[in-house]
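Asker: Spelled out, the chains give:
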Amino acid sequence: MAIAVKTEHLTKTFQHIMHKEPVNAVSDLSIEVQEGEIFGFLGPNGAGKTTTIKILLGLVYPTSGQAWILDKPAGDIETKRQISYLPETPYFYDYMSGIEVLDFYASLFGIDGAKKRSRIEELLKIVGLYQDRHKRLSQYSKGMLQRIGIAQALVNDPKLLILDEPTTGLDPIAHSEIRDLILKLRDEGKTVFLSSHQLSDVEMVCNRVAILNRGTLIKTGSLDELLLAGQFKIEAENLDKAMIEKLKEVSTYIDSKSNVVIIEVADGEKVNAVIDMIRPTGGRIISILPQRRSLEDLFVEIIREVNKK
Amino acid sequence: MTMLTIAKNTLGEAMRKKILNIFLLVALAMIAFAVSFASFTMREELTIIKSFGLGVIAIAGMFITVMLGVNLVPQEVERRTIYTILSKPVRRWEFLLGKFFGALATILVNLAFMAVVFLVTVAWKHQWQPEWALLKGVLMIFFQLFLLSSVALVFSIFTTPVVNFFLTAGVYIVGSLSDVTLSMSHGADKSPIVKGFYWLVHYLVPNFANFFTQNPLIHPESVIKNELLYYAQNIIYAIIYASVLLIIAILAFERKDM
Amino acid sequence: MKLGTRITLAIIAVMLIPPIVGLQKAIDPARKQFQPGRGVGSVMTDMGNNPVVLPSQFVAGTVIGLQEVVAGLLCVRTDEFFHSGNYEAIIPMVRMITWLDPHMVDVYSVGAWHLDYNFVDSGQRADHRYVVPAIKFLEEGIANNPSIFDLYFDLAFVHYYLKIGNFEKAEEYMRLAAKHNPPFYVYREIAHALEKQGRVDDAIKQWQECIKIGQEELARNPKDTGAVTHIQVSKRNMDSTLIRKVERANLGSRPTDMGFDANFKRLGPRQFLISGKINVPDGARVFLTLTDSDYKEPTLKNFSWDVDTDATALWETQIHGISINKGKFHKKYDLSKDIKQYPFKKDKYTLTLWFDPRCAPISAQDITGWKGEGITDKQYLDTSIPGVKMVKKVITLNRQDIL
Chain A
160 MAIAVKTEHL TKTFQHIMHK EPVNAVSDLS IEVQEGEIFG FLGPNGAGKT TTIKILLGLV
220 YPTSGQAWIL DKPAGDIETK RQISYLPETP YFYDYMSGIE VLDFYASLFG IDGAKKRSRI
280 EELLKIVGLY QDRHKRLSQY SKGMLQRIGI AQALVNDPKL LILDEPTTGL DPIAHSEIRD
340 LILKLRDEGK TVFLSSHQLS DVEMVCNRVA ILNRGTLIKT GSLDELLLAG QFKIEAENLD
400 KAMIEKLKEV STYIDSKSNV VIIEVADGEK VNAVIDMIRP TGGRIISILP QRRSLEDLFV
460 EIIREVNKK
Chain B
419 MTMLTIAKNT LGEAMRKKIL NIFLLVALAM IAFAVSFASF TMREELTIIK SFGLGVIAIA
479 GMFITVMLGV NLVPQEVERR TIYTILSKPV RRWEFLLGKF FGALATILVN LAFMAVVFLV
539 TVAWKHQWQP EWALLKGVLM IFFQLFLLSS VALVFSIFTT PVVNFFLTAG VYIVGSLSDV
599 TLSMSHGADK SPIVKGFYWL VHYLVPNFAN FFTQNPLIHP ESVIKNELLY YAQNIIYAII
659 YASVLLIIAI LAFERKDM
Chain C
3 MKLGTRITLA IIAVMLIPPI VGLQKAIDPA RKQFQPGRGV GSVMTDMGNN PVVLPSQFVA
63 GTVIGLQEVV AGLLCVRTDE FFHSGNYEAI IPMVRMITWL DPHMVDVYSV GAWHLDYNFV
123 DSGQRADHRY VVPAIKFLEE GIANNPSIFD LYFDLAFVHY YLKIGNFEKA EEYMRLAAKH
183 NPPFYVYREI AHALEKQGRV DDAIKQWQEC IKIGQEELAR NPKDTGAVTH IQVSKRNMDS
243 TLIRKVERAN LGSRPTDMGF DANFKRLGPR QFLISGKINV PDGARVFLTL TDSDYKEPTL
303 KNFSWDVDTD ATALWETQIH GISINKGKFH KKYDLSKDIK QYPFKKDKYT LTLWFDPRCA
363 PISAQDITGW KGEGITDKQY LDTSIPGVKM VKKVITLNRQ DIL
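Residue numbers (our numbering), protein chains in the order written: chain A, 160 to 468; chain B, 419 to 676; chain C, 3 to 405.
Treat the hints as calculated values from the structure; they're not laboratory data. Warning: the hint list may mix true and false statements.
Only pairs whose alpha carbons sit at most 20 Å apart, straight line, appear in this in silico SDA-like list of lysine to any residue [said to hold, decoys possible]: (1) Lys674/B with Gln225/A; (2) Lys231/A with Val508/B; (3) Lys405/A with Gln390/A; (4) Lys274/A with Thr420/B; (5) Lys342/C with Tyr119/C; (6) Lys275/A with Lys426/B; (7) Lys435/B with Ser256/A; (8) Lys27/C with His604/B; (9) Lys301/A with Thr499/B; (10) Lys674/B with Lys405/A; (11) Lys436/B with Arg295/A; (12) Lys330/C with Ile369/C; (13) Lys426/B with Tyr252/A; (14) Lys34/C with Asn644/B; (15) Lys4/C with Leu515/B; (16) Lys4/C with Leu25/C; (17) Lys275/A with Leu515/B; (18) Lys435/B with Arg295/A; (19) Lys294/A with Arg434/B; (20) Lys674/B with Asp235/A; (21) Lys214/C with Phe186/C.
On a predicted model such as this, the values are computed, not experimentally measured, just so you know.
Only chain A is shown next, with the shape it has when bound in the complex:
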C-alpha cells in the first residue's frame, strides 16, 4: 500500500526572542498514513498538531527530521496540486461572494475557462451553497463558511485532504453531513488526514489514529487495535454461587443479578481462564464479546497517564 504521509523523527523547536526557554512544539514524531485511509490526528491543545500540519504543508520548516507527502518532500510545489488543506476556523476574503472565492482558488491551480465554471458549480452543489453563491462571505453563517472551506479544499480534486477541525461550530445536521462527506471521499480512494477534538467523529470515520501530547507521539495504531485493547464481556448461565465467587478473582466486574451472569475480564488470557473454569462445572457460555472502549475514555486515560509522569 502506498504511503500518503510520512514523518521521521520530526522535530520543531521555537525560540522566541521574548521567552528564555525554547518551546518544543514537536519532538521526534514518526508517523505514517496509508493511501486511501482516514487518519485521525489527536491531542489536546498545544500538542503540536497544527505545527505538524504546517510542516507537512511547507508553511513551517522543521528543526530536524523529515516529512514526505505522496513520496515527495513536504512543501514540494507540484505535490500541492494533489493535496488540499482546510485550516481551523478558516477566514476568507469576506468581500467576495461564494462563487468569487472558489474562482480565486481555482485560478491558483491554473484551472480556468469553462472547466473552472463547471467545477465551481459542481462544488457549490456538493456543499449545498449553490443558492447562496452570490452572497458575500461576510453574510455567511459559521456553518456556511465551513462549507465553503470544504469546497475550496475540493477544488483540485485532491488525492490527500488535510482537515483541521472541520466540524467546529456546526449544528448536528451539518456535522453528520461532513462525516458522510469524509466517508464518501474515502470511498473515492482519497486519503484524509483529520485533526480533530471531536472524538466521536474520529471514532466514527477514522481507520487509524495518532495521539499526541506536548509534541510527542503517545500512541498510534488502528482504532480496533487501540480500543479493543483487551477487555471482554462474557455472558454465561447456570453458574452457582461458588463459581461466581471464584470468578470474581479473575474478573474486573461481575453482574449476577439475573440468571445470565455478566463477567468482564481485562484481557484475552483471562477469557481462557474463565472458560476453563465454567465449562467443566456445566456452566453455559452464551457469548464472548470484545469490549470496545470509547475513544474518549482511551484519550482521557492516556493523557492523564502522561501528565502524571
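Once you've looked at the hints, dock chains B and C against the given chain A.
Answerer: For chains B and C alone, kept in the frame of chain A given last:
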C-alpha cells in the same frame, strides 16, 4: 499566472478598504477646495492650485502607500488567509510579488483618480486648457511611492504593522532630506566619522527627495536642462532600488515560519 | 527555493548596490534645478539682522518637499495681511515665500511694491528709506527668474520710471525685459523712457521699431488684434513726438526765466510751510527732499529690509511733488505724527527744492523743453547734470529749526 491572480485579488480588496477610500476622498476634496482661493491674479491662483494639488496627491499617496504596505502581508497572516493560499501550488515569491504588484496597482488607481480631478481643476481655472505637463509630477510621485512601498514590504516581513509604520515613515523623512545628508557628508570642519556616517545615509537610504519635481511644473516658465535624463535616471533608480528590496523580502520570506 | 537560486538572488542584490550609488551621484547635482527653494536648515539662518523663524506647522512641509505648498499657504496668509492693512507683517512673509520658492514672480513684484509704495506716513508719503531694499529685492527676483520679462519690466517701470524718476535705469531694464519675449507695451515704454531722457531722435527710432515689430507679428499671425492696436498706438505716439520735436525746436534760442525761489518757515514743532514761485504752467510740480545732511543711500549687497531707523529722509518727487498753481507753490507739513518715519536725530539737515523739466508733464515741457533747453534763472539755475538745465535751491537747517 498565480502572481496575477493574487495581484488582482489584492487590488480588489484594497479598493474596498474604508480607510484608504477616506484618504482618497479627502484628497479629492482638498484638490477641489484649492479652487476656492479667490482674489488672486490668475497666475497666482493657478500657481497655488497646482502646488496644492501636487502636494495633496503626494501626501495622500504617501499615506495610502504606507497603510497598504505595512499591512500587506501581516494581514494575510493575522487572518490566516495566507494558509489557504500557500497550501496551494503557489511559490512564496509568487505570493509576495503578487501582493506587491496588487498594492502598486492600487496606488496607481488612486493616483489616477486624484490626477484626473487635479487636471480638470487646473484646466477649469485655465480656460479649459489642460496642462498635461502636470502628469510628469504625478509620474514622479508614482515612482517615489513604488520605491516606498517596497520599503514597507521588506520591513513587514520582520516587524509588526505598528512598528513598521514608524520605521517606513522615518525612512521617508530621512530620504526626503537628501540635501541635508549630502551637505553633511562634505566639509572640512567635520570629523571623518561624521562625514562617513552621512555619506552612508545619503547613498544607502532611498532618496525620496529626488522625485519632487513640482517647482518647474508649477512655474512652467522655468528653464530646466536635461529634463528627460533626470526623469529617466529617477525611474531607473526607483526600479533598481526596489528590486534590491524585493529580493531581500523574497529571501527573508522564503525561510520564514508561517 | 533552491539554495543555488537564493545565493544567485543575493549576489544580484549586492551587485545592484553600486549602480544605485552611481545613479544617486548623477542625480544629486541636477536635483537643485527642480528644488530651487531653500529647505529647513537655511530658513533659520540670518536674514538681514532679523532672522525669521519658519512657524513650526510649516517646517514639516519643507521636510517632505512641499516647499511650494507652504509658499502657497503663506501667500494666502499674506493676502489676509494685505486686506487688513498690516503691511509690516507682509515683508517677512514675502521674504519667506521667496526663500521657499524663488520662482514666485508675483510675490517678488508685490513685495517690492509694498516696500517702495506702502510704508506711508499720515500724509500718504512713502518712506524713502525702503527704496533701495525694494530694488535689491527685485534684483534678487531677477537673478532667480532671468528668463522671463516680468521682473525686469517691473523694476524698470513701477520703480525706476514711475517712482524714482531714473529714466536711464528704466531704459536699461526695459531693454533687458525686451530680450525675453515681452508683450508689445514693453517696446513702447522704451520709447517713452527715451523721450523722458530727452533723446528725441532715439525715441522716434524706437517708435519705428515698435511699428516694425507689430507688423512682423501681424504677418505671422493676421488675427492678432493686439498687434493692430500696438501699431496704431505706436504710430500715434510717433506722430506726437515728431510734432513736439518741431514745436520745441527753438526753445533754446528764447529761454523762459523761471524766477524760481523757495522758502522754509517753521510753524511749530516738526511743522513747517514750504512756499515759493516758479514761472511754469499748472500741472508741473516742484520736488522736495529734506534729509540729514549726511544722508546716503544704503549700499546693500543682498536684500534686507532693515533700514537705518536714525536716518531722516522726507522725499517728495514725481507725483508727490508740490503742485504749482498760477506760478506759485506752497504746502504745509506736519511731521509730528510720524516720528518713526522722520526721527530728526541729527544736528544738521539739507532741504532741497528743485524743478526737473525731464519729469514735467507735456504742457510744461512745451515751454521748458525736454531737458530744460528753454529755461534760465538768475539765481538757481543748475547745470550739474550734463545736457540738463534745471532750477534748484538748497537750504541748510539745524535741528532746532525743525523741532
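Asker: Starting from the hint list further up, note which numbers the structure goes against and sort them upward.
Answerer: Going through the list in order, the structure violates hints 10, 16 and 17 and respects the others.
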